[in-house]
Structure formats: C-alpha cells, structure tokens
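Undergrad: Here is how the chains run, residue by residue.
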Amino acid sequence: MLTILYFASVKEKAGCGEETVRLPAAVTDVMGLVAWLRQRGGGPAAALTDLAAVRVAVNQEYARLDHPLTGDEEVAFFPPVTGGAP
Amino acid sequence: MIRVQRETFDVGAEIASLCAGDTAAGGVCVFLGRVREFAHGAALQAMTLEHYPGMTERQLEALDAEAQRRWLLEKTLIIHRYGRLLPGEAIVLVVTAAAHREAAFDACRFLIDCLKTTAPFWKAEETAAGSRWVDARAADDAAALSWQDGAAAGGS
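Read top to bottom, the protein sequences are chains A and B. Quick note: the first sequence uses our numbering, first residue 1, plus one each step. Quick note: the second sequence uses our numbering, first residue 1, plus one each step.
Some clues are possibly wrong.
[Stated by the list, open to error] Subject to a maximum C-alpha distance of 25 Å in a straight line, what follows is the list of computed SDA-like cross-link-like pairs (lysine to any residue): (1) K13/A x G32/A; (2) K11/A x G130/B; (3) K13/A x D135/B.
Just so you know, these hints were derived from the structure itself, not from any lab. Only a predicted model underlies this, so the values are computations on that prediction, with no experimental measurement involved.
Just chain A, with the same shape it has in the complex (with noise of 0.2 Å):
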C-alpha cells in the first residue's frame, strides 16, 4: 500500500493529512500518481493543481516528477518550505 501525506497548505485544500491507497498498475511514477489523484477528484485533485506550488518528495527525500514507484512507498505533498528565521 502507499501511504500519501499533505502537509501544511496543500493539508488545508487537500482535507486530509493522510491516505492509504492501493496504487493503480498504470501507476508507475509520481508524475502518474498526481494524475490518477486528480481524476480521482476531491481535495487532494484540488491540492494538486497546480504543482508550480507543491513539492514532492518520496520516502522522506526530495524527488522530482519522474520518480519511479512500486506502490509501498510514502509520497508526500507540500507547499515550498518556510522553516528557519529571517
């Protein structure tokens, strides 16, 4: 099973935090996980509009579009970071 979590504004639009699913067999990449997840509708479709504004990452490192999956990873959704000070 993947487990995909929402983090901070994504979160908010999203509905969600986190959510178990069973990964599609044409699934075979993040790109094709954003794509299944906005058929899919709901919040996490509208969470992920617009990518220019979400970061991804897969098992708790930074990935990019083309990352590969297998379907037991935890991908995560989330706005650019703003932790540090001024």
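Given the coordinates of chain A, work out where chain B should sit on it, guided by the hints.
TA: Frame of chain A; chain B shown alone:
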C-alpha cells in the same frame, strides 16, 4: 547534532553542554532565530510551525553532515522548534564550534541559509486578520543556491 522539539531551549546551557570538555574549539558561532512582532505590516499574535516528522530530522542530519564535510568543525548543533510560538520566542538555534572563527562563521551561515530551503517546516502567521501560511521567499532560495558548487560564502 540535531534536535526537533516543541519546547524552548536555553542558549547558554546548550552552548555549555555542546562545548563541555572540548578544548580544541577556539571559535564558537551562534545563530538564534526568533519570532518577529510584525508580519506584512500587521502585528503578529503568534506563529505556528508545522513540520514533517522523520523527513525533517533526515534533512537536518544531511545538512549537518555536509557542513562537517566542508569545514573542519569540532562541534555542531541545530535545534528547530515546532508548534505555536509567540513574538520574541526562539525558533531555531545553530551553533558551530571550530578551531578558528572562519570555519565557525561560514558553517553557521551555511546551515541557517540551507535549512530554510530544505528542512520541511511551514509557518502560519496569526494576525488580527486571521491565520495565513507564509510564502517561500525568492531571496531565501538565492541564499541557499549561493552555497552550491562549493561556494565559500553565502548571502546575496
């Protein structure tokens, strides 16, 4: 060494603990980040930091290791808080200790510049108008980018 925690910290006690028994470090550089009282012209009531448990620690460990690789450092410490913080409260502490000040200064600036753009923390600011997520700043990306390719100094 890195720590991600909700509770505040005592800067003096952290430095004393980090450097206890170390007589090689002649220079200790400290950066303390605090919550500012203003946000976009409005008085800030509080700031809430959300983070990605697990990935945050991994990113900070990786940055710490990178600093140790680039400079000859005796000790390093990064503490980053999360949760709801009030104006004036500490957010982040970076301490670097080295034989000479140059390495301590450079590594300290490297760590604070780069953690801003890589560690998965997000700030939400509360003002009288409500709560809003803070946007990432292009200037922060530029500061972090300036450290790529082994640059000797950061900043713009």
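Undergrad: Now tell me if each hint is right for this structure.
TA: Structure-based check of each hint:
1. K13/A x G32/A: 20 Å, holds
2. K11/A x G130/B: Judged against 25 Å, a Cα distance of about 18 Å means the pair holds.
3. K13/A x D135/B: 16 Å, holds
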